[in-house]
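**Q** So the chains spell out like this:
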Amino acid sequence: MSAEETSNAKSTQGAALATELLSAGYAGRAVVQELSIRVEPGEVVSVVGPNGSGKSTLLKALVGVVQVLSGKVLLDGKEITNWAPDAAARAGIGYVPQIDDVFAPLTVRENLEMGGYLLPLREVPGRMTHVLEVFPQLARMLSRKAGQLSGGERKMLAMGRVLMLQPRAFILDEPTANLAPALANTLLEDHIRQLSATGASVLVVEQRARAVLAISDRTYVLTGGRCRLEGTPAELLASPDFADTFLGGTRHASEPAAE
Amino acid sequence: MSLFIESIGFGLITASVLAIAAVGFTVQFGVTDVLNLAYASVMICSAYVAYLINQLGHGQSIWLAMVVAAAFGAVVSLVLNKYIYAPFQRRGTSPVAVVIVSLGVLLIIEYLVQAFEGAANVSYTMTQGATLNFLGLTLTVVQLAIMGLSVVFMIGLHLLLRYTRFGKAMRATAADRVLARNCGIRTDRVITLACLLTGALCGVAGTVFAINTGSFGATSADLFLVLILAAVFLGGPGQPYGAMLGALVIGVVTEVSASVITADYKYVPAFVILLVVLAVRPRGLFSAGTLN
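In the order they appear, the protein sequences are chains A and B. The first sequence begins at 1 in the numbering used here and counts up by one. The second sequence begins at 260 in the numbering used here and counts up by one.
No wet-lab data here; the hints were simulated from the structure. On a predicted model such as this, the values are computed, not experimentally measured, just so you know. Check before you lean on any hint, since a few could be wrong.
Over 10 Å on every C-beta distance to chain B, these chain A residues come out as not near it, computed from the model [said to hold, decoys possible]:
id : residue
1  : 18
2  : 51
3  : 81
4  : 85
5  : 90
6  : 95
7  : 130
8  : 144
9  : 150
10 : 154
11 : 190
12 : 237
The calculated label-pair distances, taken between Cβ atoms and stated as ranges, are [claimed, not checked]:
id : chain 1 : residue 1 : chain 2 : residue 2 : range
13 : A       : 77        : B       : 371       : 53 to 59 Å
14 : B       : 421       : A       : 123       : 18 to 24 Å
15 : A       : 148       : B       : 390       : 48 to 54 Å
C-beta: ideal position from N, C-alpha, C; glycine also.
Use the sequences and the hints to build the structure in full.
**A** Here is the structure:
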């Protein structure tokens, strides 16, 4: 990566992330169908929905891990549809997968270094210092292997690894999935909300609908690979349809799909 | 007693050759996900390239020839990965089927070598150098050079993997290729460089193997491939440090067995150890994860 590209990535604080009529899936079968979403710079947007509703597939399509079958992925209006995952990272997307989110055999320090792989070498220590200010717990375990961390520490490392590049758009797949409820709320409120503070756009998929609504500016509700509802947390909480589906009502049957 | 000590000396030489080969094999496996059995045929092919250089004109230094063999091994390993194994992987061929593909490649290369060079064994034109005695061991200068070379390669690889960005990117790619790409790492380039690096080790291993055995033919490394696999799986596949330890154990045990039992059965105790270790630790001695 050239110095010029690096400085561009730095001067631009955030980028709008959008899809237009996006269909994506495996082996030509669409799991996500004609989905149009939008995340503005500085905004936290969440996607909720039952298991198999296509939430993870949507995120994987955005970062080039799952094939886009039709429609577009746009970053600040620039089309990045079906870009390879490394190209998406260079474009400014930081992706934290749900599982396999750290390099387990590498140390915490090495994981952060790999997060900063695209930076000039001399900028890595400075960035790492910054990331360790955001996640001070990690500073005490730099030499420990990532595979030995607890669930919460591991997720912080995964987020710290992504933060190394100061991405313009964060994409987080069920960051609280393996965490105790108290820890999950801390992570959402203290850290994920903070990611948008510098102007980056944040797209987060969650199973914990009520908790993620609390930190979201807007939320999309997915069922069966399509957008069923969309709105601000206040609007969704007032919607009987939403309450029925997610807040105590029976869950709708969903199509089986790879997540 | 002196025979026993001398056999340890032989064991260390065998271990040195085996370590270069096994470390190259295991790193290649870790990064490319191909258990490349054709590695042994690339070793022999490289040894022949060194032989051709060695026989040029009035005879060329075997060490110069080894450098050419390393370059040859690097290029062939890259070509095999890029044009044979990787396309099979992209088509979703199972890892076991790719192993069988590599077995086919092994036979094809060996027969090609035989077709060009004939069935007769060949030997390098070189001198073994003075014989040195210390600590009860009797070693030639060439044997010492092989051991020194092996130590240098092991230390060099250690420094590369632990302290350079490329080395860490190789370990990251071996650990999780998709996550590495999410970090912006161009894993295809990492795989290309890893093939060149491990292929060069393969070329060096072939040349020192041929120096050590004295004379060699197209199929001479077949049994050695089994020793490589033993060292690799003893240490845990994809584990360079495991392969170093595995090579040391297999090499020394083999040669000591030759002196205390009989040379005919010298490989048996090494494989008994392998089976026992795998029974206790199914993923080998080092099982933290690939390339680590």
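**Q** Need the list of violated hint numbers for this structure, in ascending order.
**A** 4, 5, 6
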